[in-house]
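Chains as they are written, first to last, in our numbering: chain A, 1 to 370; chain B, 1 to 407; chain C, 1 to 177; chain D, 1 to 339.
No lab work stands behind these hints, which were simulated from the structure alone.
Ideal Cβ placement from N, Cα and C applies to all residues, glycine included.
Warning: the hint list may mix true and false statements.
[Said to hold, decoys possible] Cβ pair distances, simulated, as ranges:
no. : chain 1 : residue 1 : chain 2 : residue 2 : range
1   : B       : L129      : D       : G25       : 52 to 62 Å
2   : A       : V34       : B       : I388      : 46 to 56 Å
3   : B       : T74       : D       : D130      : 50 to 60 Å
4   : D       : H160      : A       : D243      : 48 to 58 Å
5   : A       : P299      : C       : P143      : 35 to 45 Å
6   : A       : S323      : C       : I10       : 28 to 38 Å
7   : B       : L101      : D       : Y62       : 18 to 28 Å
8   : B       : G97       : C       : P143      : 32 to 42 Å
9   : D       : G25       : A       : D184      : 16 to 26 Å
10  : A       : D184      : D       : G45       : 21 to 31 Å
11  : D       : E154      : A       : D184      : 30 to 40 Å
12  : A       : P299      : C       : I10       : 26 to 36 Å
13  : C       : K39       : A       : N46       : 22 to 32 Å
[As the list claims (entries may be wrong)] Okay, the calculated bits of chain A under chain D, using three or more residues with CB under 8 Å as the criterion:
no. : stretch
14  : 148-154
15  : 183-194
16  : 207-216
17  : 244-255
18  : 258-264
19  : 358-365
[Claimed, not checked] Derived pair list, reagent style DSBU-like, types lysine-lysine, alpha-carbon separation capped at 35 Å:
no. : chain 1 : residue 1 : chain 2 : residue 2
20  : C       : K4        : A       : K292
21  : A       : K297      : D       : K194
22  : A       : K290      : A       : K3
23  : A       : K292      : D       : K194
24  : A       : K37       : D       : K334
25  : D       : K334      : A       : K201
26  : A       : K350      : B       : K22
27  : A       : K292      : D       : K195
28  : A       : K201      : C       : K165
29  : A       : K347      : D       : K30
30  : A       : K290      : D       : K201
31  : C       : K4        : A       : K290
32  : A       : K350      : D       : K111
33  : D       : K30       : A       : K201
34  : A       : K292      : D       : K111
35  : C       : K165      : A       : K37
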Amino acid sequence: MLKTEELQVNIGPQHPSTHGVFRMLVTVDGETLVDLKPVFGYLHRNHEQLGEVNSYLQNMPFTDRLDYFNSMVNNHAYARAVEQLAGIEVPERAQYIRVIMDELSRILNHASALGFLLGDMGAWQTSLLWGLREREKILDLFEYVSGARMMCNYSRFGGVARDIDDYFISEVKKLMQGLPRYFDEFERLLVENEILLVRAKGVGVLPKELALSYSVTGPLLRGSGVPYDVRKAEPYAVYDRFDFDIPVGTVGDVYDRFLVRVEEMRQSYRILEQALQQMPEAEGGHINPKVKQQSLKPPVGESYARVESPKGELGFYLVSDGSGSAYRYKVRAPSFINLSALADMCKGYKIADVVVILGSIDIVMGEVDR
Amino acid sequence: MTYWPVIAVDAWIGLVLVSIIKVTLILVGGSLGMMFLTWYERRAIAYMQDRRGPNRVGPQGLLQPVSEAIKTMTKEDITPLDADRVVHFLAPVVMLGATVLAFAVIPWGNLFPSSLRVGVLFIFAVTGLHTVGMLMAGWGSNNKFALLGGMRGVAQMVSYEIPLLMALLPIILLSGSLSLTDIVTRQGDWYGFGWYVFSPVGLTAFITFFIAALAEGERTPFDIPEADSEIVAGYLTEYGGMKFAVFYLSNYMTNLALCFIMASLFLGGGNGPGVTALGTVLGGLLSLVYFFIKALALFFLMVLIRGTVPRLRVDQLMGFAWKFLLPIVLVNVFSTAIWVAITRWGPQAQIFTDWFGEPASDNYLRYGVAIVVTLIINLLAVYAVMRINRRQPSDLTEEEIALGLAG
Amino acid sequence: MLTKGELRSILSTEMPAALDQRWAEHAATAEEGHGEENKPVLQQDDAVVNAEHLPAVAHFLRDTFGYEYLSNITAVDYLDFDMIEVVYQFYHIDEPADVRVRVRVGRNPEACVIPSLTPTWPGANLQEREAYDMYGIDFPGHPNLARVYMWDEFTGFPLRKDFPKTGDKYTHVTGAE
Amino acid sequence: MTLSTRKGTVNIVEVNRHDNNIHAGQGTLKGLDIVFRKFRKALFGKANTERDDTEGQFNVQYPEERLVLAEAYRNMPILLYDDATGQELCTSCFQCERVCPPQVIHITQAKHPETGKPVPAAAEFVLEYDTCMSCGYCAEVCPFDAIKMDHDFELSTADHPALDVHYTHLLRPVSYYEAIAPTMWAEVRDAALKKLQNNIKRRPGNIGVDHGQKIAGKSSAAAPKAATPAAGAAGRKQYTGPIAKVGTSMSEDKLARLMAIREANTGKRGGPPESGAHAIEADVATNAAGQVAPSDQATSGSAASKATGPVAAPGKNMSEDKLARLMAIREANKAKQGE
């Protein structure tokens with residue numbers, strides 16, 4: 001009898017396509033994957049304990065460092081949790097500003113995530129750089145309004161740090177004239193590329209039922225065909241005022257996730273259009289002036305607030321003991337929980353598919369390791 | 001046809017001197033060509049990605065490869081602790097040696113370093129040595145990624161040698177010679193436009209050869225042996241400094257050689273309008289210009305493909321070679337035979353002469369008939385192969401897919 | 001659709017044995033002591049179940065009411081009550097609000113045991129490992145209960161409230177051992 | 001397609017998987033075509049500077065070309081002092097020290113030399129630049145507008161201890177901040193200066209002005225008006241920070257060399273110095289003029305979707321246990337529906 005020997009390979013922690021310091025202990029039989037164990041913790045900094053030591057306001061810039069692609073969304077989610085805990089009203093205008101920032105974040109995240117996914121597939125960074133170009137423009141806007149490109153630290157309890165001005169709005173409108181061209185170019189470049197089709201179709205299938213039992217969220221869940229989106233399921237901020245669709249896949253493979261992300265960018269664009277249109281009528285300023293930001297002491301209790309981050313459901317679970325800092329601060333990080341489905345999605349495929357499947361989950365190690 | 005100039009002092013001394021000059025020219029020209037190619041590729045791909053590319057060292061960044069050469073040469077030479085030191089050291093030497101040997105017969109325009117009568121055979125015989133170097137590097141590094149990369153490389157090279165060589169057969173049939181010199185000269189008809197690519201069989205051969213050459217030169221979408229997103233750098237993982245530079249040099253020189261070969265075999269080498277009319281010296285220079293334009297355009301196509309498409313998976317790569325390229329190439333050999341029969345056979349097939357007239361280079365009827373017949377055969381072949389290979393997901397039931405019966 | 005606290009009343013008729021009644025009076029005292037600084041209270045609205053009944057309750061919740069999406073597992077260390085609480089948040093795909101199931105176990109290693117939900121909800125895998133890593137909760141039935149963030153040789157559970165916040169016993173900076 | 005849930009209807013777009021198209025290489029050719037078009041545009045030097053542009057070279061040649069930094073841009077905190085009198089704005093109220101998330105601000109309050117009572121001025125102010133996370137809270141909470149966020153981001157140094165920056169090196173004149181953030185300073189200017197006047201009254205002797213030779217040295221060297229951005233390419237301005245602000249740890253001869261180079265450059269650049277405020281205002285005006293409502297054609301086009309292919313076919317390579325679990329769940333679901 002011919003016998004093949006299994007080979008154990010460590011993909012990571014220093015590896016070009018593990019999206020950070022992430023390690024996959026992979027057992028392969030030839031090129032076929034037999035077993036996969038994700039190993040992480042290399043970036044662990046005990047973020048949750050920092051949250052118990054910091055005051056509520058002091059913790060805001062630390063949330064930037066979770067999913068450093070979408071610090072605006074992280075800020076939003078954390079601010080929501082604290083507002084819920086302390087019963088703070090948020091003015092309408094601030095809600096609109098937050099929605100605009102969230103949707104811009106979603107576009108920039110998907111643009112770069114798709115680029116990275118195709119980079120993992122071996123397309124030589126062309127799509128990535130096109131995505132990064134759009135991301136740069138959005139980051140410039142973030143810098144204009146918040147002062148920093150990636151670590152925005154923009155939300156405050158009851159609003160946002162600074163109001164947006166006409167220049168910002170006109171620049172967003174200008175950006176939005178270019179975005180459809182980018183979407184079209186991107187689709188023309190690769191969506192029907194034969195090599196992409198054979199690499200992505202039928203790879204890393206995660207059926208609907210399994211996806212639900214794995215608690216995965218975001219494009220991963222929607223790619224599997226579950227129309228679940230926190231923006232629709234629990235319309236926070238002012239998301240109930242916008243008309244947008246949830247893109248879903250049918251099979252749940254890498255190609256579906258890819259297409260869902262492309263379509264989500266277009267839906268974000270729709271939300272942006274409507275938000276910009278409705279915003280001038282919004283009441284209130286950019287922040288609730290009554291909130292004592294620095295010495296906030298929410299009443300004893302607990303709260304859980306979640307938003308639809310580009311990676312999935314991002315939630316903050318806070319327990320207050322009435323003091324100036326949280327008693328318990330827990331982050332429900334979408335990348336972290338989405339990773340639990342990785343091993344199952346990869347088994348039986350080739351080594352080359354593993355990096356593609358990992359890329360299609362779209363993880364950020366800052367959030368996974370916390 | 002022009003040979004390199006010979007100083008007729010004494011036959012023997014002349015031979016030695018000429019050989020030394022040729023070897024120097026090949027080595028210098030090959031290395032400079034490789035340096036230029038790296039710059040060219042990086043600038044081109046940068047423009048595709050809305051960037052500028054290297055533009056700091058020297059005019060337009062042309063000296064960037066020089067600075068990088070200096071950097072790699074001054075780096076520490078590292079051999080992994082448990083590596084097979086001899087094999088690890090020899091692998092880049094074998095790789096580069098194979099490439100440089102191939103340059104011995106590759107024409108530069110209408111100028112040939114040496115006119116070997118079995119030039120085509122020689123080139124592919126020596127470049128086949130690449131496989132050995134790759135396996136040596138993969139095995140000698142004592143690294144799992146390197147081993148995977150080496151194995152992938154060997155499998156890929158061996159599979160793609162077959163369509164590569166079979167794609168050449170039509171050219172050899174058309175020209176009736178294995179000598180590159182002859183093949184290039186034969187394409188000088190039709191005012192310098194008698195290139196083999198302008199016939200259905202030549203075009204099919206060119207396309208298949210180009211695809212197989214991408215695989216031979218480890219270009220995207222077939223850069224699987226050194227797929228950086230999967231197995232770090234494949235068989236190059238444990239190489240650094242000068243040894244890595246030698247691998248790199250060999251890789252780009254192989255690509256250069258492949259572009260030169262394609263330009264010579266299919267695109268008429270240095271042939272073009274005006275080459276024969278301008279005489280030996282001026283015509284030779286013009287042929288060099290034509291030749292480089294063709295070769296660099298081919299390389300640009302390679303870069304364009306690299307900038308666009310993702311990489312195939314290793315099993316898909318094999319499937320593509322065996323299920324798609326090979327049948328088409330085989331059919332193409334058959335239709336080449338028909339082409340040659342229709343255009344050349346006079347007395348051997350009296351019936352052709354009765355129908356189409358005597359075979360001659362200005363008998364357009366014969367060429368027209370040959371074009372139509374071979375085009376139909378080739379298109380039918382492509383259609384049939386695609387039809388057979390096309391996956392029909394709707395034909396399979398869910399259970400079949402789940403049980404892995406879809407194959 | 002279950003409103004807040006509804007599960008608790010349903011459980012009290014359907015599975016009375018599953019409800020954990022030990023903490024009711026603690027919650028009351030905490031309510032009175034609300035004026036006290038830095039004193040958390042225990043939530044009483046949601047269903048507090050015994051550890052050994054958790055899988056049964058979770059399956060009941062999923063199969064009867066369709067709450068099939070286990071979103072979040074949070075462990076909270078209540079040092080004052082000598083207890084660790086684990087909050088399981090279940091969502092229905094069509095509902096905005098979650099249903100929280102709480103399990104309260106003692107802090108000592110023998111009592112700190114909760115049956116794993118990973119066999120049914122593989123998504124709980126990493127979150128349970130995290131709770132084990134940070135709080136030292138044992139989850140029997142978990143396929144691979146190993147540390148997830150801290151290295152394997154690490155001792156102690158860093159998010160417990162009595163874990164020393166200063167000094168590093170691995171470098172013996174303060175000598176606090 | 002809409003899906004009704006208990007909460008109402010949800011619009012769903014099923015993505016188009018292109019299952020029914022024949023793929024014979026035309027998808028790849030389409031990609032090659034668009035990449036080649038990009039190549040052509042960028043090769044002939046089209047620059048991509050506008051926000052609605054998706055073609056042309058978009059990278060900035062950094063040391064020569066610089067993007068205009070937003071006024072709100074925040075890098076590292078600095079402290080302000082009044083140009084004319086040299087009085088520092090900081091009163092050591094410890095607000096910033098308290099709010100600082102990484103706790104990198106350390107203030108020592110000045111004491112009255114005779115009575116020993118605290119005086120509204122700082123005796124020493126240390127900021128650990130290496131640990132600062134640039135969150136901007138210190139500037140946000142400061143009631144006296146004494147601490148502001150700098151725009152100078154070229155701080156790299158090999159001298160790590162020098163990143164504990166002391167008061168002398170943190171101080172910048174008000175005119176410097178006014179040059180980098182004109183509108184933001186204009187908003188708070190009057191209140192800040194008024195508060196400063198009140199505090200000066202309570203500062204005896206030299207307290208509040210005695211940190212280094214800044215009045216003579218720095219304010220003249222800084223001369224923000226002289227070093228204001230000169231107009232560069234469209235949308236990009238050259239920005240040169242005040243000379244004395246270059247790296248607190250820079251060696252003297254290096255500093256001298258740098259200053260010589262900068263002087264030479266300023267001479268070369270020539271042209272009338274344009275104030276940063278005007279440049280930004282001009283930008284705003286041009287951009288506002290160009291605003292047009294965004295088109296929605298792309299979204300409507302993609303929203304149309306076709307019913308596609310077979311339902312949820314699991315992958316052929318699925319592992320056995322995964323398959324078993326899947327089948328179990330499906331059976332359970334079927335049973336449930338049957339009931």
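Structure-based check of all given hints:
no.: 1; hint: L129(B) x G25(D): 52 to 62 Å; in the structure: 33 Å, violated
no.: 2; hint: V34(A) x I388(B): 46 to 56 Å; in the structure: 32 Å, violated
no.: 3; hint: T74(B) x D130(D): 50 to 60 Å; in the structure: 32 Å, violated
no.: 4; hint: H160(D) x D243(A): 48 to 58 Å; in the structure: 55 Å, holds
no.: 5; hint: P299(A) x P143(C): 35 to 45 Å; in the structure: 41 Å, holds
no.: 6; hint: S323(A) x I10(C): 28 to 38 Å; in the structure: 35 Å, holds
no.: 7; hint: L101(B) x Y62(D): 18 to 28 Å; in the structure: 45 Å, violated
no.: 8; hint: G97(B) x P143(C): 32 to 42 Å; in the structure: 53 Å, violated
no.: 9; hint: G25(D) x D184(A): 16 to 26 Å; in the structure: 21 Å, holds
no.: 10; hint: D184(A) x G45(D): 21 to 31 Å; in the structure: 24 Å, holds
no.: 11; hint: E154(D) x D184(A): 30 to 40 Å; in the structure: 39 Å, holds
no.: 12; hint: P299(A) x I10(C): 26 to 36 Å; in the structure: 29 Å, holds
no.: 13; hint: K39(C) x N46(A): 22 to 32 Å; in the structure: 24 Å, holds
no.: 14; hint: 148-154; in the structure: holds (count 3)
no.: 15; hint: 183-194; in the structure: holds (count 10)
no.: 16; hint: 207-216; in the structure: holds (count 5)
no.: 17; hint: 244-255; in the structure: holds (count 11)
no.: 18; hint: 258-264; in the structure: holds (count 4)
no.: 19; hint: 358-365; in the structure: violated (count 0)
no.: 20; hint: K4(C) x K292(A); in the structure: 30 Å, holds
no.: 21; hint: K297(A) x K194(D); in the structure: 33 Å, holds
no.: 22; hint: K290(A) x K3(A); in the structure: 73 Å, violated
no.: 23; hint: K292(A) x K194(D); in the structure: 25 Å, holds
no.: 24; hint: K37(A) x K334(D); in the structure: 33 Å, holds
no.: 25; hint: K334(D) x K201(A); in the structure: 27 Å, holds
no.: 26; hint: K350(A) x K22(B); in the structure: 47 Å, violated
no.: 27; hint: K292(A) x K195(D); in the structure: 23 Å, holds
no.: 28; hint: K201(A) x K165(C); in the structure: 50 Å, violated
no.: 29; hint: K347(A) x K30(D); in the structure: 33 Å, holds
no.: 30; hint: K290(A) x K201(D); in the structure: 33 Å, holds
no.: 31; hint: K4(C) x K290(A); in the structure: 30 Å, holds
no.: 32; hint: K350(A) x K111(D); in the structure: 72 Å, violated
no.: 33; hint: K30(D) x K201(A); in the structure: 19 Å, holds
no.: 34; hint: K292(A) x K111(D); in the structure: 31 Å, holds
no.: 35; hint: K165(C) x K37(A); in the structure: 32 Å, holds
Going through the hint list in order, the structure does not satisfy hints 1, 2, 3, 7, 8, 19, 22, 26, 28 and 32.
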